[in-house]
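Could you build all of it, start to finish, from the sequences and the hints given here?
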Amino acid sequence: MSSSRPGSDFASMYDLEITHAPDAGGHFGRFGGRFAAETLMQPLKEIEAAFFEAWADDAFHAERLDLLEHYVGRATPLYHAERLSNQNGGAQIYLKREDLTHTGAHKINNTIGQGLLARRMEKKRVIAETGAGQHGVATATVAAMFGMKCDIYMGREDMARQMPNVLRMRLLGAKVIPVDSGTATLKDAVNEALRNWVATCEDTFYIFGTAAGPHPYPLLVRQFHTVIGQEARAQILKQAGRLPDVAVACVGGGSNAMGLLHPFRDDAAVKLVAVEAAGYGLKTGKHAASLAAGKAGILHGNLTYLLEDDEGQVQRTHSISAGLDYPGVGPELAFMLEEGRLQLDAATDEEAMAALQLLTRSEGIIPALESSHALAAGARIAQSMRQDQIVIINLSGRGDKDMDTVFRHLGWLEDAS
Amino acid sequence: MSRRLTDLFARCKADSRAALVGYLTAGDPDVATSRALLLALADKSDILEIGMPFSDPMADGPVIQAASERALAAGTHINDVFALTRTVRDAYPDLGIVLMGYANVPYAMGFDIFAEKASAAGADAVLIVDIPPEEGHICDAAFKVHELDRILLLSPTSTDERIRLACDSGSGFIYYVSLTGITGADMGDVRLIQQKVAHIQAISAAAGNQMPVCVGFGVKTPAQAAQVARFADGVVVGSHFVARIADSGSSDETLAAITASANHMRRAVQTATAGTAS
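Chains as they are written, first to last, in the numbering used here: chain A, 1 to 417; chain B, 1001 to 1278.
Be a bit skeptical, because a hint or two may be false.
With a cut-off of at most 16 Å between alpha-carbon atoms, the simulated EDC-like pairs for lysine to aspartate or glutamate come out as follows [to be verified]:
{"#": "1", "chain 1": "A", "residue 1": "Lys271", "chain 2": "A", "residue 2": "Asp245"}
{"#": "2", "chain 1": "A", "residue 1": "Lys45", "chain 2": "B", "residue 2": "Asp1007"}
{"#": "3", "chain 1": "A", "residue 1": "Lys45", "chain 2": "B", "residue 2": "Asp1015"}
{"#": "4", "chain 1": "A", "residue 1": "Lys286", "chain 2": "A", "residue 2": "Asp266"}
{"#": "5", "chain 1": "B", "residue 1": "Lys1117", "chain 2": "A", "residue 2": "Glu311"}
{"#": "6", "chain 1": "A", "residue 1": "Lys45", "chain 2": "B", "residue 2": "Glu1161"}
Anything over 10 Å on all C-beta distances counts as not near chain A; from chain B, calculated [what the hints assert, rightly or not]:
{"#": "7", "residue": "Thr1006"}
{"#": "8", "residue": "Arg1035"}
{"#": "9", "residue": "Pro1057"}
{"#": "10", "residue": "His1146"}
{"#": "11", "residue": "Arg1162"}
{"#": "12", "residue": "Gln1194"}
{"#": "13", "residue": "Gln1195"}
{"#": "14", "residue": "Ala1207"}
{"#": "15", "residue": "Ala1226"}
These aren't lab readings, by the way, just hints derived from the structure by calculation. Only a predicted model underlies this, so the values are computations on that prediction, with no experimental measurement involved. Where is the CB? At the ideal position from N, CA and C, for every residue including glycine.
Have a look at this one:
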């Protein structure tokens, strides 16, 4: 199947076979599923059908991969961070440079895919939720390119801490709708986007930003992001002549994690590590580590790990990084954890901030705060390994959007509050 | 179907009228006031839907979202919901009672325990907005053991296949969502609603499991309630009542407002003779 697009070396890099698929109802073991309001059941089934039809269509992939190559800038480099590796000690650290994609984060891989689906389904308008604003920017970008109307739902608290992205979305022609309900962060933005979609599903496609939500979104988002891990796998084989010992990604909902980790799933010798946001520390209760500290629950259309109280009320989370500040996690990651295929790690706000500075000073790369969590844990893991071993860390996004937060943290700006 | 719901719809049918289904969120604005409000609404309703407050009510509009927030801020726990249900049941033995909410609250308790407590409190049925028939495997057995009807929703986007699925998987009555949207939005074209309800009733009859169809979401005025009552088996009014709580000051004032609204709705539904739709 993968070699069926004549004349494209680029396209032949990618394997289009869907492995580890959920069951027909979208369940990964006991997780996932489609816990949606009745009004959304039919639209979700239509998206599922459109996805499977598109995925089997060479023309769809030809256009998708062409955009990924010439518009997004794929393949992204796999960079051997030698100075960082030496300063850190231990294993060799390779960075998957998703920060170099158009719009500055991995999110665009998915919005290109879902945007093409939306166009295929003849939808005139797209909506999305966003936390850090990266998914919002990536959605607004694709909407501009395809000429679609675009509304982005964003918690008011997130708008304040990610103002540059809010302004970018506006510049791209999207409307950013502030969400004040609940905790005014990512989970509430999802609620509000769902409420809008229920009323507009006839002409509107909901471009969901992470590998969570009701079926088929966890599958869709994973498939559109597997380019990350498939490239990384081929690149490390070429550059180092062997597979990595460890692959590391940060986890909010799980889109960059599934993108990097999924293609290594059948390589039993490769450890897969998901790094959650430990906020002020797991013991303080002020964090966003749903896999480490949550329990199984149902939110936003799927059964997964949630941070909630004893009676199932979803809790307020904390992370310095808006993109990780979410009380749930993709259902497939919950499944992989229970299956024993996934190892958990966590990084606090302070550790992420230190990792951001370490990479900036050692390699001249300013990572996003989200990705800095993966760096913090990945570097720590590397220290306990031999020099001839390899750790791949997903550098899921660049840090431009976080400069205000970083400067305040360093005391270079007067804190307005 | 529970004896009580069967009898109640039969009584309404004998009177040639639709059932009035009233909704309030339990614990809104606080448990003590909520007790008085639920009893007042129960007095005028055929069926009372008691909302279980949840932190993330995704299918609800601003009015019922605010109700959940008020109830949780006032410290309403799931056991308070059961206690309120028990109070209403003791006062109104023939009233239909439906517990309504989102999956995560019963899931956190465990469906077996939840169903046992709901049944012991006197509920007849449970409506969980985000458990469609396809995911019923997590709760259906527990509800069956404790003889609770599972109310399923249908909407304008439901295909014939989904209508059959709901008739096969649900019991008690079908809750038809009159609009593609959230609770409290504007009601759609009443003729389209009537057509879809007739279509659901026909499919349900052909499937050999004729269930009453109640229409909700967006019924805000007594005039709208009367229009719907002419063809539906029941009319659900929620946001309209809940809005009285947000608008009123003291608990006495709120109680008076709910009582007055419930009276208006009751009269509208009762005087709209069934089967005389224009």
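Hints, one by one, checked against the model:
Between Lys271(A) and Asp245(A) the CA atoms are separated by roughly 6 Å; this keeps the pair inside 16 Å, and the hint holds. As the CA atoms of Lys45(A) and Asp1007(B) are separated by approximately 37 Å, the hinted pair breaks the 16 Å bound. With a C-alpha separation of about 41 Å, the suggested pair Lys45(A) and Asp1015(B) falls outside the 16 Å cut-off, and the hint is violated. Of the pairs offered as hints, the one joining Lys286(A) and Asp266(A) is violated, with about 35 Å between alpha carbons and a cut-off of 16 Å exceeded.
With a CA separation close to 14 Å, the supplied pair Lys1117(B) and Glu311(A) stays within the 16 Å bound. Taking the CA atoms of Lys45(A) and Glu1161(B), the gap is about 12 Å. The hint holds against a cut of 16 Å. Annotated as non-interface, Thr1006(B) keeps its C-beta farther than 10 Å from every C-beta of chain A; the closest such distance is 24 Å. Taking the minimum C-beta to C-beta distance to chain A, about 20 Å, the non-interface status of Arg1035(B) holds against the 10 Å cut.
Look at Pro1057(B): its CB is around 8 Å from the nearest CB on chain A, not clear of 10 Å, so calling it non-interface is violated. Distance check on His1146(B): its Cβ is at least 19 Å (rounded) from any Cβ of chain A, clearing the 10 Å threshold; non-interface status holds. Taking the minimum C-beta to C-beta distance to chain A, about 7 Å, the non-interface status of Arg1162(B) is violated against the 10 Å cut. The Cβ of Gln1194(B) lies farther than 10 Å from every Cβ of chain A, with a closest approach of about 19 Å, so its non-interface assignment holds.
Its beta-carbon lying about 17 Å from the closest one in chain A, Gln1195(B) satisfies the requirement of being farther than 10 Å from that chain. At roughly 17 Å from the closest C-beta of chain A, the C-beta of Ala1207(B) stays outside 10 Å, upholding its exclusion from the interface. Separation of Ala1226(B) from chain A is adequate, the least Cβ-Cβ distance of about 25 Å exceeding the 10 Å criterion.
Of the numbered hints listed earlier, those contradicted by the structure are 2, 3, 4, 9, 11.
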